[in-house]
Structure formats: structure tokens, C-alpha cells
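Asks: From just these sequences and the hints, can you work out the full model?
Which chain is which? The protein sequence lines are Z and C, in order. When we follow this note's numbering, the leftmost residue of the first sequence carries the number 1, and every step to the right adds one. When we follow this note's numbering, the leftmost residue of the second sequence carries the number 1, and every step to the right adds one.
Don't read these hints as lab results, they were simulated from the structure. Among these hints, one or two may not hold up.
For lysine-lysine, the following PhoX-like pairs were computed, each having C-alpha atoms within a straight-line distance of at most 25 Å [unchecked claim]:
id, chain 1, residue 1, chain 2, residue 2
1, C, K71, C, K14
2, C, K57, Z, K99
3, C, K71, Z, K99
Far from chain C by the CB rule (all over 10 Å, computed), these chain Z residues [unchecked claim]:
id, residue
4, E15
5, Y25
6, S32
7, E42
The beta-carbon is built from N, C-alpha and C at its ideal position, and this holds for glycine as well.
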Amino acid sequence: GDSVTQMEGPVTLSEEAFLTINCTYTATGYPSLFWYVQYPGEGLQLLLKATKADDKGSNKGFEATYRKETTSFHLEKGSVQVSDSAVYFCALIRPNDYKLSFGAGTTVTVRA
Amino acid sequence: NAGVTQTPKFQVLKTGQSMTLQCAQDMNHNSMYWYRQDPGMGLRLIYYSASEGTTDKGEVPNGYNVSRLNKREFSLRLESAAPSQTSVYFCASSEAPSYEQYFGPGTRLTVT
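Replies: This is how it looks when you write it as C-alpha cells:
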């Protein structure tokens, strides 16, 4: 079946540091890929997405590129802020399917 | 445009009590979902409704029932609550073709 593997956290960084969260997936066909973010005490929000190979999703300074050859969708941000402290989830959905497959989530804490 | 709303925000139940969690969306989405989120477990799908009039089991349906009341509303019922059902419950909705999901703010349930 489909699965998503994320790097385990927690990740602790200083402000303005570079952030990478690794995500790899297993799925048949050509899934769409997503990163969701969950701020403390809130629900999940879609951060960015990519629907085909080599697509780059970007939002709020975050980027991720859909790499079919390595089945990866790593999340990056060049200079994090305290407000980026959150849990980040990688997810996929196969074409014509209703259900997302989520990774376990990575907790990121940014210190001032 | 409120997106996905959930009630209540917090609830404490005693073992054996019943309750219904309410979810509504105003985005005219066909598909709706119920998840639970537990520490270290990520999000697990309880039930989903691909369209009005249909419901299907997810990964962890035992102890729960759902009702798709109309296109907007999808409720989750715990008939006889157990401490193992202490969790944060999220409702989500989505629409073709992307099926990216939009989440509600969550219900924090404690069963004592």
C-alpha cells in the first residue's frame, strides 16, 4: 500500500537557520504530494503541494520539489523564524482516490 | 466563509457515556473525513464519506459510527466511550480533482 516516511523529530533550530525535513514515499502511479503544517492548538493547514514530477511547490518561504526518481518531496526553508515552530506533515494522494496517506509528522521548534 | 467548523472544541466524558462530534463545511465539497490524532501516531483515518449518501471505514473505525447528514455535515458518534478514545479529533473535507483536504480546528476529547 501507499506510505509516507518523514524524518523523525523533534528538530530544534535557531532563528535564521536553514530547515530541511526529509520525506520519501511509496505509491503506485503518480500521486500528488502535500506538506501540511499544524501550529500549536490548531488544525492542519495546507502549506504547499505538487501534482507531477519536477513540480516545485512553494509558500511562505517554504519549498519542496517532487522528485519521481528518488520518490522524495523534501521540505526546505532558507531562514526560519520563531513563528515557523509547528508540526509538519508530508502526505500523498493517488489519482482518483479520496484518501490521503500521511507521514508521522515532524515537530520543529525554532528558538530566538 | 468559515471553511470547516467543529463542535465542541473540548469535551470530557466518563467511560460508557455517548456523544456526537459535529462537523460542517461551507465549501460545497463532496468528500468529508474524520481523523484522530494521538501523540507519536500521526493522523489516523476513522471514517470517510466520498460523497453525500456514502460512508466507508478507515484505519481505525472500531467504537465509532458516522452519519453524513447532508452535503455540508458529517457527524462522528461514540456510543460507549472508552479511555482509549481520548484523543484530538479532526474533521476534513475535499473536492475533486485535487482532493487536497481542508481541516477543522479539532475537538479535544478526554474519556476518564
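Asks: If a hint holds in the structure, say so; if it doesn't, say that too.
Replies: A quick look at each hint next to the structure:
Proposed proximity of K71(C) and K14(C) is contradicted: the alpha carbons are some 32 Å apart, above 25 Å. Distance check on the hinted pair: K57(C) and K99(Z) sit about 11 Å apart at the alpha-carbon level, within 25 Å; holds. Of the supplied pair hints, the one linking K71(C) and K99(Z) holds, its CA atoms being roughly 18 Å apart against a limit of 25 Å. At the 10 Å boundary, the C-beta of E15(Z) stays outside the reach of chain C, the nearest C-beta of that chain being 27 Å off.
Separation of Y25(Z) from chain C is adequate, the least Cβ-Cβ distance of about 14 Å exceeding the 10 Å criterion. Distance check on S32(Z): its Cβ comes as close as 6 Å (rounded) to a Cβ of chain C, failing to clear the 10 Å threshold; non-interface status is violated. Look at E42(Z): its CB is around 6 Å from the nearest CB on chain C, not clear of 10 Å, so calling it non-interface is violated.
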